[in-house]
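Peer 1: Okay, here's what each chain looks like letter by letter:
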Amino acid sequence: MDFKFTEENIGKVSRIIQRYPEKKAAVMPVLYVAQEQNGGWISNEVVKSVSQVLEITEEEVMGVVTFYTMYHQKPVGKYHIQFCTNVSCMLRGAYPIWDSIREKLGIDNGGVTGDGKYSLEEVECMGSCGTAPMMAINEDFFENLTKDEALRIIESLK
Amino acid sequence: MSEIKIVLPDIKDYHILEVYRSHGGYENAKKAFSMSSDDVIDIVKKSGLRGRGGAAFATGLKWSFMPKTTDKPKYLCINGDESEPGSFKDRQIFEFNPHQMIEGILITCYAIGVKTAYIYIRGEYYKWIKLVQKALQDAYDAGLVGEKMKETYGTDFACEIYVHSGAGAYICGEESSLMNSIEGKRGYPRVKPPFPAQNGLWGCPTTINNVETLTNVPAIIKNGWEWFAGIGAPKHPGTILFGVSGHVNKPGVYELPSGTLLTDIIYKYAGGVPGDKKIKAVIPGGSSMPPLRGDKLEGVTMDADGLRAAGSSIGTGGIIVMDEDTDLVAVLLRITKFYHHESCGQCTPCREGTGWMEKILKRMNKGEASKADIDLLYRVATNIEGNTICALGEAAAWPVRFTLERFRDEFEKAMKDEVEMPVKNQVHSMRHTKIPIAPIHH
Ligand SMILES: Cc1cc2nc3c(=O)[nH]c(=O)nc-3n(C[C@H](O)[C@H](O)[C@H](O)COP(=O)(O)O)c2cc1C
Ligand code: SF4
Ligand code: FES
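Going down the list, the sequences are from chains A and B.
Each residue of the first sequence is one higher than the last, beginning at 72 in this note's numbering.
Each residue of the second sequence is one higher than the last, beginning at 2 in this note's numbering.
No lab work stands behind these hints, which were simulated from the structure alone.
Everything numeric in this text was worked out from a predicted model, so none of it was measured.
Incorrect hints may have been included.
As the list claims (entries may be wrong) - With a straight-line Cα cutoff of 20 Å, these simulated SDA-like cross-link-like pairs (lysine to any residue) come out:
hint: 1; chain 1: A; residue 1: Lys-83; chain 2: B; residue 2: Cys-205
hint: 2; chain 1: A; residue 1: Lys-119; chain 2: B; residue 2: Cys-205
hint: 3; chain 1: A; residue 1: Lys-95; chain 2: B; residue 2: Lys-128
hint: 4; chain 1: A; residue 1: Lys-94; chain 2: B; residue 2: Glu-184
hint: 5; chain 1: B; residue 1: Lys-128; chain 2: A; residue 2: Asn-209
To be verified - Cβ-to-Cβ under 7 Å is the rule here; a few derived chain A residues that face chain B:
hint: 6; residue: Asn-157
hint: 7; residue: Gly-182
hint: 8; residue: Val-183
hint: 9; residue: Cys-196
Even glycine gets a Cβ: it sits at the ideal position worked out from N, Cα and C.
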């Protein structure tokens with residue numbers, strides 16, 4: 072599938088470039104713009120397009136995409152669930168909740184449900200240790216979770 | 002004394018520009034601009050302010066490393082990567098006091114002659130990135146940042162501030178990795194020297210400071226260095242944002258004078274341990290800091306010297322409390338898994354060592370390890386230390402080494418005397434033999 076920045080995003084990209092003395096430095100924020108436009112992941116076409124806009128090689132773009140976990144190299148669900156199991160969350164019962172979410176959705180870490188609605192990722196500390204356990208669904212944080220609460224939130228998504 | 006709040010004052014809607022200004026906000030920048038930049042650095046030096054990003058380095062001293070005469074542009078990076086497990090305090094500043102941070106950035110830029118600053122915020126802080134961008138936009142619109150500030154403050158100094166969001170790599174909190182990330186590269190730490198003040202962003206002089214560090218600066222300019230130097234522990238003055246998590250009744254961020262008793266933070270502020278259980282262990286400064294034994298907490302003060310004396314370090318001020326029922330093998334496995342995952346892979350001891358430690362701990366956690374594995378694990382950890390490009394090596398090794406030193410009994414209880422080694426571990430089991438063997442390469 073072809074990828075072309077929308078008119079609006081071309082404007083965004085040129086404003087981003089202004090912030091840095093070199094075009095190349097804009098690659099991370101530009102990849103975010105592209106990922107959002109592309110439905111949440113970075114395809115080869117996206118890499119190509121970003122490399123053209125920033126006048127850098129596709130390898131340079133790929134190098135960045137593969138280093139940072141927040142650029143997804145395959146499609147994610149409509150609701151991308153990031154669940155923290157790091158130490159502060161673990162001490163407050165994250166693992167049993169994580170198990171029950173996996174069981175409920177029938178997918179494991181890195182999986183996407185068959186209908187494309189949910190994807191699941193076990194993540195490292197998200198900076199919510201004081202309100203642990205936590206998960207993020209797309210860009211929203213849900214904190215102080217219990218098992219019931221977590222499952223209820225996931226179920227309520229349309 | 003404990004009522005002093007510098008970084009997170011109890012003022013309603015303080016994050017809103019008008020409210021911040023009605024309390025004298027941005028007047029401190031104006032005051033600083035009327036002094037010489039050397040005087041500003043001098044005040045910060047005398048205040049005794051030390052970095053809140055982990056190493057507690059003297060802030061004024063760091064600023065004085067920036068060359069005064071150079072034809073290159075100079076840069077400031079504000080480190081809001083905040084990804085060390087157990088740390089969640091900069092997020093509070095982004096949400097509740099972004100303007101004081103911005104004002105601190107302005108004053109710092111003036112002091113070290115910087116015209117461009119980047120606030121690096123971890124990518125997962127979606128909401129907080131937006132909050133900072135909003136505050137920054139408001140400040141720009143009011144002519145408090147950018148070209149218009151010359152007119153607003155009546156000076157010939159101006160600087161630009163941009164937000165750069167990370168994308169899920171803990172290592173980018175390390176300052177040289179952070180600079181590579183801003184340059185649009187993979188976040189590999191750089192070999193030092195050269196140090197950032199000589200050769201930083203795009204090869205230009207650069208200073209990197211933590212968010213909380215710089216948020217203190219406007220208050221120091223306002224109230225004077227004597228005032229700041231008089232708060233808390235004399236050699237590490239001011240307040241510190243302590244993030245308390247784990248087994249406490251009231252987890253959260255508490256701003257308290259440095260030097261506050263660790264036991265006061267846990268029992269008086271964070272409400273003690275649920276079910277009045279005893280404490281087995283406390284990590285005092287984010288997951289990479291050496292854990293303290295629960296029976297050795299009496300009298301420990303939360304400042305650089307106090308924690309050094311207790312055998313740990315202040316780190317990010319993130320305090321993780323573990324009660325008597327905590328399985329330390331499982332905790333250490335989880336921490337080690339994190340550092341293995343986050344190792345950038347440049348140095349063999351870190352890349353291989355973290356993986357090896359995780360493997361051994363996994364085996365221990367499954368009850369498939371022998372007592373000899375405790376020594377093996379210890380040796381792997383101590384072989385990482387000092388042999389790597391950046392301090393992630395130590396960050397991974399310290400928890401292992403010190404947990405084993407201080408809680409060896411816990412591990413011995415959980416290990417068998419002897420186990421049958423699965424085939425893939427035969428090479429490790431050679432240490433049981435008396436024959437000297439060649440070092441093992443992986
Ligand atoms: C692996 C690693 C991760 C780090 N993460 C952070 C971080 O998230 N935030 C931070 O301020 N400092 C972090 N640091 C420390 C920085 O390298 C640097 O010392 C600090 O930002 C300097 O600011 P300060 O002098 O104001 O403390 C990290 C260091 C290492 C080795
Ligand atoms: S110590 Fe680890 S994280 Fe740091 S540069 Fe070496 S491999 Fe990378
Ligand atoms: S450990 Fe889960 S948010 Fe910090």
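Peer 1: For each hint, tell me whether it holds in the structure or not.
Peer 2: Hints and how they fare:
With a C-alpha separation of about 27 Å, the suggested pair Lys-83/A and Cys-205/B falls outside the 20 Å cut-off, and the hint is violated. For the given pair, Lys-119/A sits about 30 Å from Cys-205/B by alpha-carbon distance, which is inconsistent with the 20 Å threshold. Taken as a hint, the Lys-95/A and Lys-128/B pair is broken in the structure, with Cα atoms around 26 Å apart against an allowance of 20 Å. Restraint check for Lys-94/A and Glu-184/B: satisfied, since their Cα atoms lie roughly 9 Å apart, inside the 20 Å limit.
Distance hint between Lys-128/B and Asn-209/A is fulfilled; the C-alpha atoms sit about 11 Å from each other, no more than 20 Å. Given the 7 Å rule on beta carbons, the hint for Asn-157/A holds: about 5 Å separates it from the nearest Cβ of chain B. For Gly-182/A, the shortest C-beta to C-beta distance to chain B is roughly 18 Å, which exceeds 7 Å, and the interface hint is violated. At a threshold of 7 Å, the smallest CB-CB gap from Val-183/A to chain B is about 18 Å, leaving the interface hint violated.
Nearest Cβ of chain B to the Cβ of Cys-196/A: about 4 Å, under the 7 Å cut. The hint holds.
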